[in-house]
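> Construct the entire structure; sequences and hints are all you get.
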Amino acid sequence: MIRLEGISRTFDVGGEPVHALVDVHEEIAAGEHLAIMGPSGSGKSTLLHILGCLDRPDRGVYELLGRDVARLDEGELSLVRRHTIGFVFQFFHLVPRLTALENVELPMIFAGVDPAERRERAIGRLRGVGLEPRASHRPDQLSGGERQRVAIARATVLDPKLLLADEPTGNLDTTSGRHVLEILEQMNASGLTLIVVTHDPAVARRARRILVLKDGRVVHRGDGAHIHEAVEVLSAAENGT
Amino acid sequence: MSLRDLLGFAARALRGHRLRTGMSLLGVAIGVAAVVTLTALGEGARLYVIGQFASVGTNLLIVVPGRTETTGGMPGMGGVPNDLTLEDARAVLRGVPEIDKAAPIVMGTETVAFGERQRQVALVGATHEMLEVRRLGVASGRFLPPLEWDRSSPVTVLGQTSARELFPGRDPVGEVVRVGDWRMRVVGVLAPRGQQLGVDMDDVAIVPVGTAMKMLNRSSLFRLLLQVRAHTDLDRARERVVRLIAERHGEEDVTGITQDAVLGAFTSILGALTLALAGIASVSLAVAGVGIMNVMLVSVSERTREIGLLKALGAGRRQILLAFLAEAVLLSSAGGLLGLLVGWLAVKVLIAVYPALPATPPPWAVAAAFSLSVAVGALFGVLPARRATRLDPVAALSGR
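Listed in order, the protein sequences are those of chains A and B. Each residue of the first sequence is one higher than the one before, counting from -19 in this note's numbering. Each residue of the second sequence is one higher than the one before, counting from 28 in this note's numbering.
By construction, these hints were calculated from the structure, which means they are not laboratory data. What you were told as hints is all true, and nothing was included just to trick you.
Distance condition first, Cα-Cα at most 25 Å in a straight line; then the derived SDA-like pairs of lysine to any residue:
id, chain 1, residue 1, chain 2, residue 2
1, A, Lys141, A, Arg47
2, A, Lys141, B, Met28
3, A, Lys141, A, Gln166
4, A, Lys141, A, Arg201
5, A, Lys141, A, Val41
6, A, Lys141, B, Arg344
7, B, Lys375, B, Arg73
8, A, Lys141, B, Val421
9, B, Lys241, B, Pro181
Non-contacting residues of chain A with respect to chain B, defined by C-beta distances greater than 12 Å in every case (computed):
id, residue
10, Gly21
11, Glu43
12, Arg47
13, Gly110
14, Asp203
15, Ala216
Glycine included, every Cβ here is placed at the ideal spot set by N, Cα and C.
Written out as structure tokens, the structure is:
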């Protein structure tokens, strides 16, 4: 489903080039559950942004469902984001003035889905994450876990193929974090490709496959069953050895 | 993204910042209200002047002795025009079918006295026809009786002011006053009229034209007022009257004046004034536009994360541009509507304070003010909206 070939991304920070990603090669199959780990500044967020078509690599090929999306123009990219990719963020990013229902409807507004169908689908998705009774609540009337579940409903309402989650439990307590992960895994089980960026081993160990990044390079490939290997690599990376 | 969704989204965003929205709404409203009120004022002035002329009578043709063109020639040779006489007036009435009524006028000044009270007034020698030709009204008694024009009769009609000053607190009809050396019976008092064609019609003593000519020892008329049957015949009537009198006098020595020329000049001057007022008021609309731009720029930078999110959700550049543009246009057109309301109220107040002024905003000004307010929103909303579309989604999501 995804093929990354020689992906590099360099930022200019105060006149100094910072190599966020250096020559990344990776293949991700449809329906996978992948965790990306790494110390801060390792390039894991940059990788997620490139996978989500919010950023472009300076070099390399990014093939998504057989298309080289790194070459698409801005208009085509927005269509890819709309229909193929869903995002879940650490800080939820709900629109504060809109209700839970309206937040879920938002992507469908841009996709031009007609109002009646929009409402029905949004309610269905809220029911799916157990929040139908909270449909008319605004984000500030919802708990952190509820907000993230609204965000998941919004991210998946247009049935994307790929769900990208950036520290989805980073702002949640253990219980609601687990609840959110269960929902994500349920969606993964029904065929959605799930990529989670996290520094939390408890989250990463649930993934089938784990990548550890350091200084823009993949330094470890493992699986959830052997999370301790990934953690060792990670702590070594964090300690600068 | 449908128009309804677009407007709904924009309206929700505006409602999120009531104070800020209210302030810029007010800015536009003041601009639009200013355009409406000031043009109403200008238009009111124009209608007032037209009304003044209409009250004198738009079918009026005034014949004055003398030519308006400057003529040369030897000093002492000619140049003195012939008298404009009652005979000329009769000939015009007989010989020009377009003329309905003729009112010969003689003017001078004279002292009117009753007992100890006396007053210097304009003495107007006139005929019964003047009442209709000059659109005068009678407050009490009656106007001059119909007489042969060269007959005299010791009767007079006083203007409103003259009557009040000479007979404070009572009706002078039936009393005998001295006008110069003549004793005359007051037969009527004019309705209040004010200044008209340069004469204060409230401070006059009107006597039969034959009498006035004797009193002032004149043989020439001051003016000959003619009422033309139809307004469309006015120019033809003037030509025929001037030609007829020229034939009688052997030279062209009278001038026919219609009000159209004067009225036209006034109308174009006051029309220009209205336009100028509209222009000045539009400046405040432009200022309001800058206000909208400021509000929208603040809104864009405040909602950076939201714009990043919209991009991540798959909103296209065009959709984001339209969403912010819709917000600006919604803001300015709501301000425009509010301005129309405020302007309408202001005009109502204006009319209540100055009932004489027919202040109404011309429809073009109302339409222009509103469409300008919408245009201002679109114009000044473009820059902030473009800024929103150009945000880098990754930076925007992290609030940078």
